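Chains A and B, in that order, are what the protein sequence lines are. When the letters of the first sequence are read in order and numbered with full-length UniProt numbering, they come out as residues 1 to 444. When the letters of the second sequence are read in order and numbered with full-length UniProt numbering, they come out as residues 1 to 444.
Treat the hints with care, since some could be wrong.
Stated by the list, open to error - Taking lysine to any residue and the SDA-like style, the derived pairs with C-alpha atoms no more than 20 Å apart in a straight line are:
no. : chain 1 : residue 1 : chain 2 : residue 2
1   : A       : K109      : B       : H140
2   : B       : K195      : B       : G179
3   : A       : K76       : B       : P6
4   : A       : K390      : A       : R376
5   : B       : K109      : A       : A184
6   : A       : K109      : A       : A184
7   : A       : K393      : B       : R66
8   : A       : K109      : B       : S333
9   : B       : K76       : A       : R66
10  : B       : K109      : A       : F408
11  : B       : K390      : A       : F100
12  : A       : K76       : A       : E93
13  : A       : K109      : A       : K390
14  : B       : K109      : A       : F10
15  : A       : K208      : A       : A184
Hint data in this document are derived by calculation from the structure and do not stem from the laboratory. Model, not experiment: these values are computed from the prediction.
Number of protein chains: 2
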Amino acid sequence: MARVRPLSGFPEWTPAERVVEAQLIESLRETFRLHGFAEIETRAVEPLDRLAGKSDAAKEIYTLGRLGAEPDAESKVGLHFDLTVPFARYVEEFQHALAFPFKRFQIQKVWRGERPQEGRYREFYQADIDVVGRDTLPAHLEVEVAVVMARALAALPVPAATMRVNNRRLVEGFYRGVGIDDVAGALRSVDKLDKIGPDGVRVELTGKGVSASAADAVLELARISAPDAGFVAAVEDLWATTPTIDDVAEPQAELREGLAQLVALVEGVNAAVPDTAVADLRIARGLDYYTGSVYETFLAGHEDLGSICSGGRYDSLVAGGGFPGVGMSIGVSRLVSRVIGANLARASRAVPSAVLVAVTDESTRPASNAIADALRARGIATEVAPAAAKFGKQIQYADRRGIPFVWFADSGEVKDIRSGDQVAADPASWEPPAEDARPRIVTS
Amino acid sequence: MARVRPLSGFPEWTPAERVVEAQLIESLRETFRLHGFAEIETRAVEPLDRLAGKSDAAKEIYTLGRLGAEPDAESKVGLHFDLTVPFARYVEEFQHALAFPFKRFQIQKVWRGERPQEGRYREFYQADIDVVGRDTLPAHLEVEVAVVMARALAALPVPAATMRVNNRRLVEGFYRGVGIDDVAGALRSVDKLDKIGPDGVRVELTGKGVSASAADAVLELARISAPDAGFVAAVEDLWATTPTIDDVAEPQAELREGLAQLVALVEGVNAAVPDTAVADLRIARGLDYYTGSVYETFLAGHEDLGSICSGGRYDSLVAGGGFPGVGMSIGVSRLVSRVIGANLARASRAVPSAVLVAVTDESTRPASNAIADALRARGIATEVAPAAAKFGKQIQYADRRGIPFVWFADSGEVKDIRSGDQVAADPASWEPPAEDARPRIVTS
């Protein structure tokens with residue numbers, strides 16, 4: 001028998017920490033539901049060929065086998081590493097049972113066989129929202145999804161979130177207008193800005209056949225950032241001073257369309273949750289996959305976590321085409337781990353119980369049970385003392401668990417063990433203060 | 001790319017079916033919390049040596065591998081097949097962070113590589129409650145756990161549950177008193193009553209060295225059943241007329257202790273949820289593992305499901321000893337599958353939204369959004385129409401999703417699309433009827 005020990009990368013929480021995780025998840029659920037998103041869950045496994053085709057790192061996929069049995073080809077499955085691959089399969093499989101545009105949220109664990117490190121888990125919760133249409137999807141849903149996520153994050157006990165956003169059509173129009181044919185290749189180079197700096201990127205771009213003036217323009221574009229529509233003038237100025245291709249009408253229209261969409265996104269999000277969205281034209285990650293808005297989200301003072309909520313607009317959820325959509329995904333476990341680890345919030349107690357009913361001696365346990373049931377019937381979480389010990393020991397039982405009230409069946413009195421106040425009370429009508437009714441999240 | 005298809009044994013639900021599953025699970029949670037049980041979750045994986053040692057069917061354990069990588073010995077893990085093995089490990093690992101007796105509930109998916117068949121899944125939800133002490137655990141908790149589960153089941157949209165209960169001490173005392181030394185072996189034979197009948201069991205028992213009179217007595221004991229304390233007289237009568245061993249004082253005391261515990265259990269459960277518990281002395285399954293009360297639960301009219309909620313009292317949760325406890329486990333997915341498949345209940349709608357705010361044309365979308373936000377601010381789940389289509393089409397959008405109300409921003413009126421009633425309404429104060437606020441479970 002192996003020694004009992006944690007498994008690296010598989011986080012587990014104490015009961016009090018689980019209260020924090022469960023309430024964060026419930027808060028996300030509530031925001032998603034308020035905006036009309038329906039919940040689905042998908043099975044934990046997908047066929048390996050579907051998983052491997054969609055992953056950058058096939059080695060990170062956990063495969064399933066059976067103890068002492070060779071899997072046959074048909075049963076070759078692995079654990080899902082995100083909620084997008086299963087969602088795409090679900091939409092294809094259940095399309096006749098769904099009404100489009102389909103707004104769904106999904107909060108489940110996913111598994112990745114990464115080398116574990118701070119904030120990188122092998123098993124973790126993700127919370128995804130997506131809206132998918134059958135054939136078309138209006139652009140205003142790119143704003144709606146970002147607004148929902150901005151509100152979802154604002155409702156959590158975490159510092160302010162900044163959503164850094166960009167738009168593929170803006171970038172595509174600009175890049176093509178200045179003569180770059182391999183837009184995806186250029187984006188991959190620009191994505192290395194942090195790693196290799198502007199000079200490194202310029203070398204890469206010119207190596208890919210990008211002209212010097214175009215490379216300069218691309219680097220200049222990546223410097224543009226604004227928390228409002230202010231970025232439009234900067235892009236227009238740059239565009240006006242950069243040599244473009246002869247037949248520039250089509251890319252220019254694309255650029256203008258992207259600019260308008262990005263303005264709508266930044267203004268829409270900031271109207272809903274002020275000081276949240278920032279247009280950041282250096283964001284390249286995901287732009288080779290997404291076709292419209294892209295989002296990354298950082299927490300003030302916790303930028304080291306990387307983006308805690310990312311996503312974008314895509315033209316086709318499934319391989320065969322069709323089902324355009326827009327979605328965002330929160331890395332819930334990474335967030336919860338930081339909330340707990342940095343003591344941003346904690347549970348007011350580990351147990352649901354607001355009341356412990358004391359037991360004088362075992363012969364009167366039924367009377368204590370009756371009091372507990374009268375309280376439970378009115379939604380008040382209640383425990384009965386496990387043993388007819390001395391009252392001091394029963395109060396200690398409550399104190400250890402953070403249960404705020406002890407009810408004495410024989411005297412008909414209830415004691416707030418924090419203040420020591422003890423009053424006569426009727427189990428048919430007594431209520432704990434609202435803030436003590438259930439464990440709550442206390443921020444530091 | 002594999003064709004998109006269901007995987008046998010891995011159930012998935014439509015959004016409306018997921019509402020049923022989610023609300024069933026939330027109902028269980030609420031009952032558990034009302035009784036003071038704290039929630040935990042454990043990682044999906046455990047070391048293989050811990051899993052294999054605890055399973056009757058090692059072949060059913062799913063092992064984890066990595067695509068294109070041989071797992072090293074240290075990382076040999078598999079998916080948990082129940083919530084007891086991980087709970088035992090959790091208690092051992094976290095014991096210094098826990099207060100005992102520790103009441104926990106745990107609702108998670110488990111995986112078993114069984115041959116899939118009706119009601120047998122490879123991935124399914126279980127809902128477990130356990131109370132564990134560190135060194136001792138009072139017997140009245142064996143009643144409490146059964147009461148909590150009886151209430152949890154009574155709150156679900158399923159037919160009446162019958163909890164069939166027995167007691168290991170009663171059986172052990174009786175068996176040993178009539179001269180049976182290998183009690184576990186005898187129990188394994190009695191467990192085959194349904195399969196091989198009383199004559200078959202008698203042959204097996206005598207083959208194991210049990211005397212003819214003891215075999216008869218054991219079979220007679222298995223015929224005793226009562227929904228109240230009535231079984232005590234029947235057992236006492238049988239005891240009085242059966243030859244016992246010379247030194248019978250100790251087994252007789254054990255028998256009497258078991259009788260008293262079983263009376264307390266049946267009466268306690270029936271006082272809480274009338275007509276639920278039945279003492280059934282033929283129940284042998286699990287008695288070789290459990291040390292006190294054992295429980296099996298069947299649904300009226302759905303006995304073919306087998307026991308949907310089972311468990312018992314054990315003396316030691318962990319291999320090294322210590323941590324006596326009592327627990328029960330509901331097979332949630334099997335229950336949900338029957339509720340859906342037999343149309344016992346369905347969701348009033350698939351989406352959370354109570355209201356769809358119509359959009360007259362895209363230029364007035366912000367006004368529609370503002371109405372939606374005013375409703376959401378008061379907890380009313382609301383969607384805004386995705387396109388400024390004709391009102392008939394927008395009403396159809398709501399109708400397809402079961403959204404009961406459509407709000408017309410320009411006229412300031414809200415229409416109940418079921419009755420056709422349309423009234424002027426203020427988004428700052430209008431409320432939907434309580435039964436329409438969120439999707440609810442409608443029983444057939």
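Do the hints match the structure? See the list:
no.	hint	result
1	A/K109 / B/H140	violated (37 Å)
2	B/K195 / B/G179	violated (25 Å)
3	A/K76 / B/P6	holds (14 Å)
4	A/K390 / A/R376	violated (25 Å)
5	B/K109 / A/A184	violated (40 Å)
6	A/K109 / A/A184	violated (31 Å)
7	A/K393 / B/R66	violated (51 Å)
8	A/K109 / B/S333	holds (18 Å)
9	B/K76 / A/R66	holds (12 Å)
10	B/K109 / A/F408	violated (40 Å)
11	B/K390 / A/F100	holds (17 Å)
12	A/K76 / A/E93	holds (19 Å)
13	A/K109 / A/K390	violated (45 Å)
14	B/K109 / A/F10	holds (16 Å)
15	A/K208 / A/A184	holds (11 Å)
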